[in-house]
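Generate the whole structure from the sequences, applying the supplied hints.
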Amino acid sequence: MTISLGPYASFIVTSYAAAAIVVALLIGWVIIDYRNQTARLRELERSGVTRRSGRSAVDTPKTTI
Amino acid sequence: MSLIDLANPTRFLALSARVLPWLVAATIILLTIGLYQSAYAPDDYQQGATVKIMFIHVPNAWLSMFVWGVMSVASLGTLVWRHPLADVAAKAAAPIGASFTFLALLTGSLWGRPMWGTYWEWDARLTSVLILFLMYLGLMALWRAVEDPSRAARAAAVLTLVGALNLPIIKFSVDWWNTLHQPASVMRMGGSTLDKSFLIPLLVMAIAFTLLFVTLHIAAMRNEILRRRVRSLQMMQASRVAFSSDVGTASRQESASKGVA
Numbered sequence: 001m002t003i004s005l006g007p008y009a010s011f012i013v014t015s016y017a018a019a020a021i022v023v024a025l026l027i028g029w030v031i032i033d034y035r036n037q038t039a040r041l042r043e044l045e046r047s048g049v050t051r052r053s054g055r056s057a058v059d060t061p062k063t064t065i
Numbered sequence: 001m002s003l004i005d006l007a008n009p010t011r012f013l014a015l016s017a018r019v020l021p022w023l024v025a026a027t028i029i030l031l032t033i034g035l036y037q038s039a040y041a042p043d044d045y046q047q048g049a050t051v052k053i054m055f056i057h058v059p060n061a062w063l064s065m066f067v068w069g070v071m072s073v074a075s076l077g078t079l080v081w082r083h084p085l086a087d088v089a090a091k092a093a094a095p096i097g098a099s100f101t102f103l104a105l106l107t108g109s110l111w112g113r114p115m116w117g118t119y120w121e122w123d124a125r126l127t128s129v130l131i132l133f134l135m136y137l138g139l140m141a142l143w144r145a146v147e148d149p150s151r152a153a154r155a156a157a158v159l160t161l162v163g164a165l166n167l168p169i170i171k172f173s174v175d176w177w178n179t180l181h182q183p184a185s186v187m188r189m190g191g192s193t194l195d196k197s198f199l200i201p202l203l204v205m206a207i208a209f210t211l212l213f214v215t216l217h218i219a220a221m222r223n224e225i226l227r228r229r230v231r232s233l234q235m236m237q238a239s240r241v242a243f244s245s246d247v248g249t250a251s252r253q254e255s256a257s258k259g260v261a
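Top line first, the protein sequences correspond to chains A and B. Residue numbering for the first sequence follows UniProt numbering, starting at 1 and increasing by one per position. Residue numbering for the second sequence follows UniProt numbering, starting at 1 and increasing by one per position.
Please note that the accuracy of each hint is not assured.
Restraint-style ranges between C-beta atoms, simulated for each label pair [as the list claims (entries may be wrong)]: (1) A/A17 x B/V146: 30 to 38 angstroms; (2) A/V22 x B/I29: 14 to 22 angstroms; (3) A/A39 x B/I131: 35 to 43 angstroms; (4) A/I31 x B/Y40: 29 to 37 angstroms; (5) A/I3 x B/W176: 33 to 41 angstroms; (6) A/V22 x B/W120: 17 to 25 angstroms; (7) B/F172 x A/S47: 54 to 62 angstroms.
Computed, partial: chain B to chain A, Cβ under 7 angstroms [stated by the list, open to error]: (8) A39; (9) A49; (10) T50; (11) K52; (12) S99; (13) L103; (14) L106; (15) T107; (16) L110; (17) L134; (18) L216; (19) A219; (20) L226; (21) V230; (22) L233; (23) Q237.
No wet-lab data here; the hints were simulated from the structure. Cβ atoms here follow ideal geometry from the backbone N, Cα and C, with glycine treated the same way.
Written as structure tokens, this is what we have:
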């Protein structure tokens, strides 16, 4: 079964492509930001700066994002 | 575990780490089903295949207002209850809400060109959504402009609650003014006017996009908590350096004065 998009196919395809790009950018932003923050926390902990509670600032190191 | 327990950022990080994989899976499954149903939905008798833009435009338009609603509740949490995670939630939601609003404007414009003959019209609905988008950008700029997160949170909370006045204007603009935009056809008194063949894919896509927002929001909140930990550790590090240099200077001065004596 094929999908027929008619004479305004370019408008439909552009809409879905734009949504895909923006959602991909959001996902990328969240993942990169998480990696940056955890890397900075580990670096600070390696330099001897720790939280007053003594616990690691990166509480969930096994998380994938 | 009560809701108050979740106010603890460490508990929130632990709980959200367990919930996130399930949310990601549910979002992917629902988006796949929604996109499949949207692709094979029948053409509209007037709009033809361009009706498929509705399945992406309407969820984003709903979310543009829903996210501001979430931020408004979080702002109340900041100003009234001083909830530890409230301003984290508000700050993390703003870029996501701005993205959904941008998509609502863009896909609406792309839907408007073949249907209305124009990409843009300065009518009440379109203009009020554009104002919402500009308010999202203003809020993000405010968060960046004020360095102290707690001061920024209070200013942003006030701006968010003032901006919430725009939500009923957006919702009822199609009833209050004569606009190019069609009136409500899903959430209206007397039930939806949409046929099931359009309504079901639309609802699936709306739920999928809402789940996408919840997933991204929780992930962005986790990042914001970690960012604040980085900031506080950096401040501790800076104060240690300042303290040790003060001690060093004082001991040098003391030994110098002993040498003179």
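Taking each numbered hint in turn, which are not upheld by the structure, reported in ascending numerical order? The structure conflicts with hint 17 only, although it agrees with all the remaining ones.
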